[in-house]
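Student: Under my numbering, residues 1 to 184 are what the sequence shown spells out, in order.
Quick caveat, the hints were computed from the structure, so don't treat them as lab data. Note that CB positions come from ideal geometry on N, CA and C, so glycine has one too. Hints are supplied without guarantee of correctness; some may be wrong.
[As the list claims (entries may be wrong)] Once the Cα atoms are required to be at most 16 Å apart in a straight line, the calculated EDC-like pairs of lysine to aspartate or glutamate come out as:
1) K84 x D115
2) K66 x D14
3) K12 x D151
4) K76 x D14
5) K20 x E72
6) K12 x E144
7) K12 x E83
8) K66 x E18
9) K76 x E18
10) K26 x E159
[Claimed, not checked] Restraint-style ranges between C-beta atoms, simulated for each label pair:
11) K84 x P122: 31 to 37 Å
12) Q148 x Y78: 16 to 22 Å
13) L176 x G70: 44 to 50 Å
14) G70 x N134: 40 to 46 Å
15) H114 x E18: 29 to 35 Å
16) D151 x N116: 25 to 31 Å
17) D115 x G58: 31 to 37 Å
18) P138 x T93: 31 to 37 Å
19) P138 x S113: 31 to 37 Å
20) P122 x P98: 29 to 35 Å
21) D80 x G179: 36 to 42 Å
22) G179 x K76: 29 to 35 Å
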Amino acid sequence: MWVFGYGSLIWKVDFPYEEKRIGYIKGFSRRFWQGSTDHRGVPGKPGRVVTLIEDPEGCVWGVAYKLPTGREQEVKNYLDYREKGGYQVMTVTFHPRPSHNPSPSQTLLYIGSHDNPNYLGPAPLEEIANQIINSTGPSGKNTEYLFQLADAVRSILPEDSDTHLFSLETLVRERLQNGQNDLN
Numbered sequence: 001m002w003v004f005g006y007g008s009l010i011w012k013v014d015f016p017y018e019e020k021r022i023g024y025i026k027g028f029s030r031r032f033w034q035g036s037t038d039h040r041g042v043p044g045k046p047g048r049v050v051t052l053i054e055d056p057e058g059c060v061w062g063v064a065y066k067l068p069t070g071r072e073q074e075v076k077n078y079l080d081y082r083e084k085g086g087y088q089v090m091t092v093t094f095h096p097r098p099s100h101n102p103s104p105s106q107t108l109l110y111i112g113s114h115d116n117p118n119y120l121g122p123a124p125l126e127e128i129a130n131q132i133i134n135s136t137g138p139s140g141k142n143t144e145y146l147f148q149l150a151d152a153v154r155s156i157l158p159e160d161s162d163t164h165l166f167s168l169e170t171l172v173r174e175r176l177q178n179g180q181n182d183l184n
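Hey, can you work out the whole structure from these sequences and the hints?
Tutor: Pasting the structure below:
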């Protein structure tokens with residue numbers, strides 16, 4: 001059993017795995033449209049974390065992890081709990097980075113669909129930036145999530161030119177440097 005990570009599962013791997021592969025899935029784009037009241041925000045003041053939206057032309061790079069043989073269900077149960085904030089599980093085709101050469105394979109994907117209670121949906125980038133700057137939850141500041149993800153994508157997945165992620169990172173860093181915590 002394989003699981004595909006496209007958000008914090010790229011940089012916060014707190015579960016056992018046998019193997020990992022870098023690659024991508026097609027038909028989706030990564031967006032900060034999922035609310036987080038359990039990790040990067042609190043009830044009434046959610047943070048924003050990534051989910052995937054259907055996009056026929058989209059391609060999302062990430063990391064697929066092979067769950068340990070004989071412990072697949074145990075680790076999946078942990079991931080179900082970790083991703084409990086409105087995420088559902090589906091199966092998608094994972095395409096490994098060409099240098100790895102294995103053929104595409106099926107992998108599990110946690111996705112926050114538009115009909116879950118924590119889905120915040122699209123918003124102007126400036127509004128998303130304000131929410132990220134002003135949100136903190138049990139797992140830490142929402143800005144840390146954004147910066148860790150952007151740094152990981154830049155270093156591990158240089159093929160990924162995710163304009164939504166990197167534009168948001170630039171905007172949040174500029175606002176923090178200029179002392180503009182909230183422009184509402």
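Student: Confirm or reject each hint.
Tutor: We went through each hint and held it up to the structure:
Between K84 and D115 the alpha-carbon distance is near 14 Å, which keeps this suggested pair within the 16 Å criterion. For the given pair, K66 sits about 14 Å from D14 by alpha-carbon distance, which is consistent with the 16 Å threshold. Taking the CA atoms of K12 and D151, the gap is near 12 Å; set against the 16 Å cutoff, the hint holds. A C-alpha spacing of about 12 Å is found between K76 and D14, which places the hinted pair at or below 16 Å, so the restraint holds.
Under the criterion of a C-alpha separation no larger than 16 Å, the hint pairing K20 with E72 is consistent with the structure, at around 14 Å. Of the pairs offered as hints, the one joining K12 and E144 holds, with about 12 Å between alpha carbons and a cut-off of 16 Å not exceeded. For the hint linking K12 to E83, the alpha-carbon distance of about 13 Å falls within 16 Å, and the restraint holds. Restraint check for K66 and E18: the C-alpha separation of about 5 Å stays at or below 16 Å, so the hint holds.
Taking the CA atoms of K76 and E18, the gap is about 14 Å. The hint holds against a cut of 16 Å. A distance of roughly 14 Å separates the Cα atoms of K26 and E159; the hinted pair therefore holds under the 16 Å criterion. Our hint of 31 to 37 Å for K84 and P122 is violated, since their Cβ atoms are close to 23 Å apart. Restraint check, Q148 to Y78: a C-beta distance of roughly 20 Å satisfies the suggested window 16 to 22 Å.
A hinted range of 44 to 50 Å holds for the C-beta pair L176 and G70, which are about 45 Å apart. Distance hint check for G70 and N134: the Cβ-Cβ separation is about 44 Å, which falls inside the suggested range of 40 to 46 Å. Distance hint for H114 and E18: a CB-CB separation of about 34 Å, consistent with the stated range 29 to 35 Å. Between D151 and N116 the CB atoms are about 28 Å apart, so this pair conforms to the stated range of 25 to 31 Å.
As the Cβ distance of D115 to G58 is approximately 20 Å, the hint placing it in 31 to 37 Å is violated. The supplied range of 31 to 37 Å is met by P138 and T93, whose beta-carbon atoms lie about 34 Å from each other. Under the hint 31 to 37 Å, the C-beta atoms of P138 and S113, about 23 Å apart, miss the expected range. A beta carbon spacing of about 33 Å between P122 and P98 agrees with the range 29 to 35 Å that was offered as a hint.
Range check, D80 to G179: Cβ separation about 40 Å, and the 36 to 42 Å hint holds. Take G179 and K76: their Cβ atoms lie about 44 Å apart, and the range 29 to 35 Å is violated.
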